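Chemist: Taken in sequence, the protein lines are chains A and B. Numbering of the first sequence is given in the UniProt record's numbering, commencing with residue 1 and proceeding in unit increments. Numbering of the second sequence is given in the UniProt record's numbering, commencing with residue 1 and proceeding in unit increments.
Derived from the structure by calculation, the hints contain no laboratory data. Everything numeric in this text was worked out from a predicted model, so none of it was measured.
Copies of the same chain are indistinguishable here, so a pair counts whether it falls within one copy or spans any two.
Straight line, CA to CA, 20 Å or less: simulated SDA-like cross-link-like pairs of lysine to any residue:
#: 1; residue 1: K290; residue 2: T314
#: 2; residue 1: K290; residue 2: A308
#: 3; residue 1: K137; residue 2: L163
#: 4; residue 1: K323; residue 2: P313
#: 5; residue 1: K323; residue 2: D358
#: 6; residue 1: K290; residue 2: L339
#: 7; residue 1: K323; residue 2: E304
Protein chains: 2
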Amino acid sequence: MTSGARLDTNSQWISRRLEELGVTVAFHSTVGDHLQQHVDVLRIAAQRADVVVMTGGLGPTRDDLTRQALSQLSGRALKMRQQSLVHLEQMFARRNRQMPERNHIQAMFPEGSLEIFNPQGTAPGVDLTLRVSDRHKCRFFALPGVPAEMRRMFDETVAPRLLEMIGSSRQHIEHHVMKFFGVGESDMEQRLGTMIARDRVPRVGITVSSATISLRITAAAPDPQACQRQIETARQEIMSRVGDLYFGHGESYELYHAVQRDLLMRGQSLITVEFGRSAVLADWFASLGKTDAYHGGFCFAGPEELAALLDVPTADAYDVLRKRSGASWLLVVQSYPHLDSDASQALEAQPVDLVVVDPEGRRILASPRIGGHPSIIYSRIAKSALAHLRKQIQRGDQLQAESEAAIS
Amino acid sequence: MTSGARLDTNSQWISRRLEELGVTVAFHSTVGDHLQQHVDVLRIAAQRADVVVMTGGLGPTRDDLTRQALSQLSGRALKMRQQSLVHLEQMFARRNRQMPERNHIQAMFPEGSLEIFNPQGTAPGVDLTLRVSDRHKCRFFALPGVPAEMRRMFDETVAPRLLEMIGSSRQHIEHHVMKFFGVGESDMEQRLGTMIARDRVPRVGITVSSATISLRITAAAPDPQACQRQIETARQEIMSRVGDLYFGHGESYELYHAVQRDLLMRGQSLITVEFGRSAVLADWFASLGKTDAYHGGFCFAGPEELAALLDVPTADAYDVLRKRSGASWLLVVQSYPHLDSDASQALEAQPVDLVVVDPEGRRILASPRIGGHPSIIYSRIAKSALAHLRKQIQRGDQLQAESEAAIS
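Construct the entire structure; sequences and hints are all you get.
Modeler: In structure tokens, the structure reads:
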């Protein structure tokens, strides 16, 4: 990890979880496969923190030094834990393999430490409390580096043990994630004001990923009902401030989910066409699996290729495509901007042509000016296209209501 | 960063660059917006390293503490640098904005430090050497956290200053990146043997991203010619061991670039069809921009939708699509596996049907067994499809050569 061969995503994941549990994260440290450096880093950490969550170094090879470092720091010898050894042997037996001798080390723990059970892999974790001074103890939780194993072990074992440490007043934690699109992070922060202050109860965290803004409400209270009440109050206050930008809730809920929901509610469907350098929309909707809301995605260099395939004049291509596919709506991103392969600077905002063809065959063009960093500009354009489509879908309802009102 | 609100990618990038320059990276440290903790982390770093590269904390707000921490650690007051102030004022003037008072801090440097010029942003970097003891000095390079600014400043200013520190024998650094597909990392390492030993000259680093393996040769020598000779020798040795898996070179060269090259060389072209949950192939080829090698990408839930759109029987859909589009080759991923939205464990290997339709209309089916982590399985499948296609393209040449030999 120190050499940069791999990207560390564990530190971020663990930090978020700890902050949600009410534990402030003050430091991250990364160290290479060097025992003395490993021990030094742990000693420094023990002096400045009450809890240290570690990942990696629990494998069976000589490069894996976490057990030895904990043992050396604490002065407690590594002892074989029979129960862990049996579990290890069973894991190998299930894969019809003989357990190599070197894996024995994975069943060894510093005396006085607890095991952190690993249901998925061969590396159990270590839970060791070190008395640093008369007034200060530090508890180490050592987990494997494999993210899937680490995450499950954190949620199943480390989090409950931490809650127990923190005491009985905050036994329950509930989360609620709200999603927004259509404004930058700083404007959002301004509109939210004190809602996102660090000392607010419940805590509201803001994160941005490719122009989607997430507000994560974390409620900690003696019981689940109190958590839910906190969340509901915060949710209402947030909606009163930025409800116009809200499109749904849930950790991985995105604008295309909101479009799918809008369409299914109305018994309608969509196809998408993307010209140029990306197939983001097609990829997003494909990820939904088979759904009545989506009839397919098309990616061409330009409209001529689409017309050639359909064997119709270019001017008719959108209408023919929509009709043949049987979809209610057609959404077209007419061009994604060219990016230099080594582009690293934000692109100046430039107009991007977005076309919606509605169920009556009317074309509604929008040309929002969109800029941003190369790594996110395509998804920002695609999201702007979805926002344009949603406005038309909702406008359709309004027109419908108006025409019904006129008739009645 | 400590709270997990953002993912740290700078540490990895800087570590790779440092290792390439011959500097071993021993530790990463991350600290929050707390001055005393900041100073403590810098003090620890100064004691254990000769060079510390820092990012972030150079903005104009009260949360930005890097300058103050360096000043406090070194005991050197922050002084205004007139030249930097003028540059700052010019940056604001160019954007037709008045420079706020608080930005003045960005032109202040600890006495005795050097500026690291920032051509893109308002935050110049700081280059400060601290005498830790009679025998040990530590040099700090503080850079802004914005990746694009940081990267350019590292390459333009920090790297040359580091090379100068290291001494005259290694003034030149050259890189060569070779790309491979078709085998796992551990098999690759086994076949490479001592080629990837850390003390080898030139150094060969191995990284894996979504099943593409990169070998990065870093040659350091007194002159560029010597670098090139080192690289050529290493390249030949690598090709003799794993040349069968090689598909091209360059940092961002991927299998779809190799397919584009194969097709353009032969005056041929491709369309792709993806059924199910992803549009990876369409997105990759779209990213190439307008190219004679690619006629478009289609994403449907299943073959029936494709047939309906073309208004032909399902059995004929592939042939009609290929002919109407005018493409030589059609590549179909018949299904991407379903992933649970919260899937975190590797999927068991399962057969995935891949179809190539060749320029004569023959269908060549392959059903490789593919598994892997949810985050990479779709791109692994798409890459396997491209590998299947490339085999057929190259087989086409062989058949052509054989038939020409038979005629002559």
